[in-house]
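S.K.: Sequences are here, hints too, so could you generate the full structure?
Respectively, the protein sequence lines represent chains A and B.
For what it's worth, our numbering labels the leading residue of the first sequence as 1, then goes sequentially.
For what it's worth, our numbering labels the leading residue of the second sequence as 1, then goes sequentially.
Wrong hints could be hidden among the right ones.
Simulated restraints on C-beta separations [claimed, not checked]:
1. B:Q164 to A:D50: 51 to 61 Å
2. A:D50 to B:Y70: 51 to 61 Å
3. A:I44 to B:D57: 54 to 64 Å
4. A:D50 to B:S198: 31 to 41 Å
These are computed hints drawn from the structure, not numbers from a lab.
Don't be surprised by glycine CBs; every beta carbon is placed ideally from N, CA and C.
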Amino acid sequence: MNTIILTAIWGVVLMLVGAFIKNKSLPRNLAIFGLLVILIFNCIEMNRGDSFFNIDVRDMLHFNSFNLTFISVALGCTLLFLLLNGRDFEKIGEHVSEYFALLFFILSGIAIISTFNSLLLLFIGIEIVSIPLYILTGSDKRNLKSNEASLKYFLMGAFSTGIMLLGIAFLYGGSQSGSFYIDNIINGNEPMPAMIATGLVLLMVSMSFKVSAAPFHFWTPDVYDGAPTVITSFMATVIKVAAFFAFVRLFENAFGTMHSQWQNLVVILIAATLLFGNLTAVFQQSVKRMLAYSSIAQAGFMLFSLFALNNLAKEGLVLYAAAYSLASIGMFAILVKMKDYTVDGFNGLAKQQPVLAVTATVFLLSLTGIPLTAGFMSKFYMLNAAVLTGHQIWLVIFAVICAAISAYYYFRIIQSIFFKDVSDDVVLAEDITPAFKILLIITSILIIGLGLFPTMLTNWLYF
Amino acid sequence: MDPKNIWITFPELLIWFPLVAGLVAFMIRNQKQVKAWAIISSLITLAISVTSLIYADASKYFYYNNVSYYWLQYIGSNFSIGLDGMGHLLTALTALLFPVIFIATNKTNYKYSNVFYGLMLLTQSGMMGVFAAMDVLVFYIFWELAVIPIYFLCSRWGEERRIQATFKFFVYTFAGSLLMLIGILYVYMHTAGTDYASHSFSMNAFYAALLSAKEQDLVFWLFFIAFAIKMPVFPFHTWQPDTYEQAPASATMVLSGIMVKMGVFAVIRWILPIFPEAVNKFDNIVIGLSVIGMVYASLIAIKQDDLKRFVAYSSIAHIGLMCAAIFTKSETSLQGVMVQMFNHGINIIGMWIVVDLIEKNAGTRKISELGGVAHKAPVLTIFLVIIALANIALPLTNAFVGEFMMFAGLFKFNMVFAAVALVCIILAAAYTLNMVQKVFYGEANAITEKMLDISFNQKLVLAILVVFIFLFGVYPQPVFELTKETISALLVRIK
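M.R.: What follows is the structure, encoded as structure tokens:
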């Protein structure tokens, strides 16, 4: 509860600050400060289990350690993102404080979709996340690609939201009790009535769209590529994993008892997502676009939590959310500073910027899933959860083959960084402050720490 | 001995010391100092390893050699490491070969030498972990970690086509390991639980896992492909000649001297005890592949003009024999494999040192361009001839003992395979002696004319290797004693 209310309030504050005070760095500092405070409050709620705001939500929101831990992860990743890339918001355009205000509204939406217990709040939460995001995607107003991305995202997003509403309507009509509460839609494992089944498929389609799972992923590369890189970083990490979290919560709580009836749909989604994401990522020349496709590929692995739907899968999801977000935020932070976004633009980085080179390597190794990094542990949890279900072993084998393919495009950047040279007078990256380097190192240490002791995070789920 | 009184155990020392030494090496900017540090620290590791051999007796000093820490206990994995006979043997090999490599290549200068030696020491730490792991997840993690520094070493300091060659190697091994991970998880599903978790990753739990014959068939291949890529066994060997050729000399030595043993080791450690029925079912296929690989590699070795590729192919042939011998599952051949794992490490490193010396000295490693080296470098020639004879397993040299025992086992298993494999011995003699003749004897030409004989350092390490060659040629008993218990425990599981 703390997070939902405080982020909304802080967003309004930032908006007003932008209107009355014309100081360029003030919004950033306020945003970082506010986020830190909200994170602390959320951790307090996580520990003590009660909120500062005693509001009767009529059971439409559920706050438990699982949800709150995830919100902490999301807030923590956003904080790291702001610390790393806060300055780059000022380069997007004039209205810096508005960007931060929108970011806080998105966080409020994230907190809602992480805790919803009613389909209505799921819908509202998704909209609260999406609408500011449409604006942020197009925030680079004079850039045609940014405009295109924003329009595309808006049209496709509106379309998928419509499908979601239709699905919700079907579920409402089809459920015996006529209720929006997700734990009330079906009772027991009986064969699904047609209306429920229709609603379920429609919801799955629209949620797949939000998490960019194939075959509903076509908007992703263009939108990620067109949006300003800082925004892409946020979109591809925190927002994506939050949507995933909502996806899994929805299907676990609403349709968990009928898991076996829709599991095969997830199998198709996983196989398609892994295949499209990985194969297309191989051919990308631009690192930004490659990361967009790699985010699709990683979504394929995250979908395993929906496939397995056991305790290990839930732990794995939170771990995956943290591991993937940390590594991607770090990688995007470095990318923002690069002058040339192509793979060749990284040539010789090890010589010019050793700290960036080494940390980028840690991020890429984590994305590939090499042991000692959080990326390995999260993939390991996911695969373990999937194998423990005891069927569809071929899918797991297919997934690891895709992981081996992913090594190709991640390691191509490592090869550029370390083994290729560029003449000394070319400046590869600019605007690198010591604080930025230290933050990158901290991110790497977090990744390795989570890779060694994933229980640091997963134990919180059982508080 | 009360385990509470022991504050650190040998496997921990063997893993952590090279790791710390490697991290320290990153910080030493001065080239000479970092070289000295690498040699000193690897000698300390060797000293630790030798000490651990003194306390190798598991019945008396169990707690010196085994330790377990809580790690991911809720999914059933602990950080358990320990050394049994085979672990002692291979950690000793690792500890012995690193100082040898460092001293032999001491003259070579590297750009960013601190990073180079740091990565070398990290590799050593990773391989120690593989040999000491008593928990499958720990094993898997070290198995992957050992490859990462090697990947960087070969890609940064290798030759012209290094990036592609090393990447091929990396993708091969990475894909193999991931398949093994699936296999691990599948077996894990069938293990008994612990106090905290419903299943367990510990070695004993895996050994006791209840897999039906049908399940074993599938999972066996998931494991075997990973190990076959590492060894490498035909048809998974194609990364090897390229990588050996393109890698810097010291990395090649590590790869061929120790890293391929990881594959052999892993087959004995994991495949034989976990999948006894599948092993019985597929032994003919695996031995067939190994023998095909031996013949194939030997035939190619005859035609090789490049010394590095030459040694690479001869190594495939030797490893093929080891793999075949393992799958005969007889006591004799397993003992032979143990001896041969150690001795092959010694011999192949000797070969690489000689090849490296020739290349550094003459500037080429084309067999056709060399000749008459014996006139210019007589000491080098003497060493080379001894090592080459050991390589073709002449009696009195160390390789004879191992190969003889492996052949004895293979003969009992299947005459046809043994006969075909024996042809490879003849082929080995042919290509090795042919190489010796062309490179070392005959008239010196323009290239070899200006060659110098080897320095004291190099004489020293080669002399050490030669001592080992003869020592284990006439007295292999220590290795048998060391690995006796591992083998007998293994045979109980298979039968």
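S.K.: Evaluate each hint against the coordinates.
M.R.: Here is what the structure says about each hint:
no.	hint	in the structure
1	B:Q164 to A:D50: 51 to 61 Å	60 Å, holds
2	A:D50 to B:Y70: 51 to 61 Å	32 Å, violated
3	A:I44 to B:D57: 54 to 64 Å	56 Å, holds
4	A:D50 to B:S198: 31 to 41 Å	33 Å, holds
Of the numbered hints stated above, the single one contradicted by the structure is hint 2.
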